[in-house]
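K.L.:
If you read the protein sequences in the order shown, they are chains A and B. Just so you know, we're using the working numbering here: the first sequence kicks off at 3 and counts up by one. Just so you know, we're using the working numbering here: the second sequence kicks off at 3 and counts up by one.
A couple of the hints might just be wrong.
Because identical chains cannot be distinguished in the list, a pair is counted as satisfied if it fits within a single copy or across any two copies.
Derived SDA-like pairs (lysine to any residue); straight-line CA-CA distance at most 25 Å [what the hints assert, rightly or not]:
hint : residue 1 : residue 2
1    : K15       : D46
2    : K15       : E33
3    : K15       : T59
4    : K15       : G76
5    : K15       : R27
6    : K82       : R48
7    : K82       : A126
8    : K15       : M3
9    : K15       : P35
10   : K15       : R110
11   : K15       : E129
12   : K82       : E150
13   : K15       : L55
14   : K82       : A147
15   : K15       : G26
16   : K82       : R45
17   : K15       : D25
18   : K82       : A7
Keep in mind that the hints were calculated from the coordinates and are not lab data.
2 protein chains.
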Amino acid sequence: MRPDASRVAWRGKLIAVTVEQWDGREREIVEHPGAVAIVAVDRDGRIAFIRQLREATRLRLLELPAGTREPGEGPLETAKRELHEECGFTGGEWTRLGGFWTTPGFTREYMDVFLAEGVDAGAAAPEPDEELELVLVHRDEIRLADLEDTKSIAGLALYFGR
Amino acid sequence: MRPDASRVAWRGKLIAVTVEQWDGREREIVEHPGAVAIVAVDRDGRIAFIRQLREATRLRLLELPAGTREPGEGPLETAKRELHEECGFTGGEWTRLGGFWTTPGFTREYMDVFLAEGVDAGAAAPEPDEELELVLVHRDEIRLADLEDTKSIAGLALYFGR
Chain A
3 MRPDASRVAW
13 RGKLIAVTVE
23 QWDGREREIV
33 EHPGAVAIVA
43 VDRDGRIAFI
53 RQLREATRLR
63 LLELPAGTRE
73 PGEGPLETAK
83 RELHEECGFT
93 GGEWTRLGGF
103 WTTPGFTREY
113 MDVFLAEGVD
123 AGAAAPEPDE
133 ELELVLVHRD
143 EIRLADLEDT
153 KSIAGLALYF
163 GR
Chain B
3 MRPDASRVAW
13 RGKLIAVTVE
23 QWDGREREIV
33 EHPGAVAIVA
43 VDRDGRIAFI
53 RQLREATRLR
63 LLELPAGTRE
73 PGEGPLETAK
83 RELHEECGFT
93 GGEWTRLGGF
103 WTTPGFTREY
113 MDVFLAEGVD
123 AGAAAPEPDE
133 ELELVLVHRD
143 EIRLADLEDT
153 KSIAGLALYF
163 GR
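Whenever a hint applies, use it, and build me the whole structure from the sequences.
P.N.:
Here it is, written out as structure tokens:
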């Protein structure tokens with residue numbers, strides 16, 4: 003299953019846009035290296051969220067920790083690195099909860115979701131351009147309908163539905 | 003909350019990319035008119051899914067009916083139009099289940115999710131470049147972890163969690 007023709011229409015630092023021809027249909031596709039999200043639960047049953055400015059939305063959103071895969075990095079490695087950088091958490095028992103295409107109408111981004119249980123707190127090490135606030139919410143107090151982004155709702159639905 | 007500078011870096015037919023400067027941080031943002039997804043339930047408790055080729059993924063995915071807002075169209079109008087075009091369904095009792103930012107790290111796409119209960123079957127009217135297969139699955143037989151894209155998992159989580 004391949005396009006008849008494909009050309010890179012724009013290339014940025016994080017994303018690029020490819021325009022493909024499929025049997026007369028044109029498709030604009032955002033290239034993306036793939037991503038991960040993490041449901042991290044501490045020993046008291048609290049789940050880690052990150053509050054941060056999402057420039058695209060003009061809002062500070064509360065989301066599951068997540069991040070983009072670096073070249074050569076497997077999803078579990080990305081997940082452990084991001085959880086440490088964003089939340090300062092290390093250790094824990096790791097399980098893959100599942101994965102999903104984030105917006106298959108216009109990107110190739112695939113996101114793997116991991117569960118990390120019994121993580122140990124520590125100092126976060128965010129990248130210089132990230133202003134992150136760690137928020138811990140007990141799993142009994144989470145209402146999916148109050149969350150603001152798709153991966154946080156879907157990732158937690160996989161966790162609660164195990 | 004506004005960027006210091008903003009320029010359109012690329013403009014396609016469906017999407018465009020804006021590059022914004024925020025206090026020294028550069029952000030690549032995919033512009034998008036917004037979208038809707040629909041949890042449509044017939045009188046037998048079956049939920050409508052669409053199977054279609056998603057060129058970006060090179061796969062035929064099974065997803066909730068969904069679509070992009072046309073200029074001047076409110077989310078509920080889009081939802082009713084898309085459910086008719088993709089599935090042939092009309093009528094039903096409509097409720098908003100919620101909404102979410104689909105991938106706030108790099109797009110402005112916001113998706114509203116509607117519930118349509120007791121819809122009436124009819125002839126679908128897909129756009130000429132869409133090859134769509136309607137699949138009805140009873141709500142008791144749906145396992146969220148088997149679904150392949152984020153909005154279908156999140157949208158159904160909102161439905162099951164009402």
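K.L.:
Each hint: holds or not?
P.N.:
How the hints compare with the structure:
In the homo-oligomer, the alpha carbons of K15 and D46 never lie at most 25 Å apart, since the shortest distance is 40 Å inside one protomer and 49 Å across protomers. With identical chains, the CA atoms of K15 and E33 are at most 25 Å apart both within one copy (11 Å) and between copies (17 Å). Proximity of K15 and T59 under a CA criterion of 25 Å is satisfied in both settings, with 20 Å inside one chain copy and 22 Å between copies. In this homomeric assembly, K15 and G76 come within 25 Å of each other (Cα to Cα) only inside a single copy, at 20 Å, whereas the closest approach across copies is 34 Å.
For the identical chains of this complex, K15 and R27 are inter-copy neighbours only, at 12 Å across copies versus 28 Å inside a copy, given an alpha-carbon limit of 25 Å. Proximity of K82 and R48 under a CA criterion of 25 Å is satisfied intra-copy only: 18 Å inside one chain copy versus 39 Å between copies. For a Cα distance limit of 25 Å, the shortest separation of K82 from A126 inside one copy, 12 Å, qualifies, whereas the shortest one across copies, 46 Å, does not. In this assembly of identical chains, the alpha carbons of K15 and M3 lie at most 25 Å apart only when taken from different copies (23 Å versus 28 Å within one copy).
Proximity of K15 and P35 under a CA criterion of 25 Å is satisfied in both settings, with 12 Å inside one chain copy and 23 Å between copies. Taking the closest pair of Cα atoms, K15 and R110 come within 25 Å of each other both inside a single copy (16 Å) and across two copies (18 Å). For the identical chains of this complex, K15 and E129 are intra-copy neighbours only, at 16 Å inside a copy versus 34 Å across copies, given an alpha-carbon limit of 25 Å. In the homo-oligomer, the alpha carbons of K82 and E150 lie at most 25 Å apart both inside one protomer (24 Å) and across protomers (23 Å), since each shortest distance falls under that limit.
When the C-alpha separation of K15 and L55 is checked against a cutoff of 25 Å, the pair qualifies only within one copy, where the shortest distance is 19 Å, while the shortest distance between copies is 28 Å. Proximity of K82 and A147 under a CA criterion of 25 Å is satisfied inter-copy only: 22 Å between copies versus 27 Å inside one chain copy. Within a single copy, K15 and G26 get their C-alpha atoms only as close as 30 Å, which misses the 25 Å cut-off; across copies the closest is 15 Å, which meets it. With identical chains, the CA atoms of K82 and R45 are at most 25 Å apart within one copy only, with a shortest distance of 17 Å there and 46 Å across copies.
Taking the shortest Cα distances, K15 and D25 sit within 25 Å of each other only across copies (18 Å), while inside one copy they are farther apart (30 Å). In this homomeric assembly, K82 and A7 never come within 25 Å of each other (Cα to Cα): the closest approach is 38 Å inside a single copy and 34 Å across copies.
Of the numbered hints stated above, those contradicted by the structure are hints 1 and 18, listed in ascending order.
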